[in-house]
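K.L.:
Residues in the sequence shown are numbered consecutively from 0, following numbering that gives the first Met the number 0.
By construction, these hints were calculated from the structure, which means they are not laboratory data.
Fair warning: there could be bad hints in the mix.
Quick list of the computed label-pair ranges, beta carbon to beta carbon [what the hints assert, rightly or not]:
| hint | residue 1 | residue 2 | range |
| --- | --- | --- | --- |
| 1 | 81 | 20 | 19 to 25 Å |
| 2 | 7 | 77 | 32 to 38 Å |
| 3 | 45 | 77 | 30 to 36 Å |
| 4 | 56 | 0 | 30 to 36 Å |
| 5 | 18 | 90 | 17 to 23 Å |
| 6 | 77 | 56 | 17 to 23 Å |
| 7 | 71 | 13 | 29 to 35 Å |
| 8 | 8 | 75 | 35 to 41 Å |
| 9 | 0 | 93 | 21 to 27 Å |
| 10 | 45 | 18 | 28 to 34 Å |
| 11 | 68 | 38 | 34 to 40 Å |
| 12 | 77 | 36 | 26 to 32 Å |
No experiment lies behind these values; they were computed from the predicted model shown.
Don't be surprised by glycine CBs; every beta carbon is placed ideally from N, CA and C.
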Amino acid sequence: MERWMIIFSNMRWDDIKFNVTGSKIDINIIKQNLNLKGKVKKYNEFSKVYEVELQDARIVHIVDMNEIDKHFENNTIIFKNRKGLHNEIKRYIEFSLN
């Protein structure tokens, strides 16, 4: 089961539903009932990470949080606080897209 989240540059994340058509992507942020459009720049099928450029030129990432949780559990990654969690998520995204 997948749990897709959008992650902004300030490390705010929200549950989303999205639809990809070619390189175009339509994103619906569920709690805010906000629709965003953009273009997929990079995608890693194995780790389920998208890098998306929105129409307003912001770069966001779409990730499957269940996949990240599984990665953290399998590699016994432990973080002391929220900043540690944010750093590990950033590392996971960077590693997945390079």
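K.L.:
All the hints need checking, so say for each whether the structure fits it.
P.N.:
Here is how each hint holds up against the structure:
The supplied range of 19 to 25 Å is broken by residue 81 and residue 20, whose beta-carbon atoms lie about 35 Å from each other. Checked against the given bound of 32 to 38 Å, the beta carbons of residue 7 and residue 77, roughly 25 Å apart, lie outside it. Between residue 45 and residue 77 the C-beta distance comes to about 23 Å, which lies outside the given range of 30 to 36 Å. Taken as a hint, the range 30 to 36 Å holds for the pair residue 56 and residue 0, whose Cβ atoms sit roughly 33 Å apart.
A hinted range of 17 to 23 Å for the beta carbons of residue 18 and residue 90 is inconsistent with their spacing of about 28 Å. The hint said 17 to 23 Å for the Cβ distance between residue 77 and residue 56, and at roughly 36 Å that hint is violated. Separated by about 20 Å at the C-beta atoms, residue 71 and residue 13 break the suggested range of 29 to 35 Å. One distance hint, 35 to 41 Å for the beta-carbon pair residue 8 and residue 75, is violated here, with the actual separation near 28 Å.
At roughly 25 Å, the beta carbons of residue 0 and residue 93 sit within the given window of 21 to 27 Å. Taking the beta carbon of each, residue 45 and residue 18 are about 21 Å apart, not inside 28 to 34 Å as hinted. Distance hint check: the CB atoms of residue 68 and residue 38 are about 28 Å apart, inconsistent with the given range 34 to 40 Å. A C-beta distance of roughly 38 Å is found between residue 77 and residue 36, which places it outside the suggested range of 26 to 32 Å.
Taken one by one, the earlier hints fail for this structure at numbers 1, 2, 3, 5, 6, 7, 8, 10, 11, 12, listed in ascending order.
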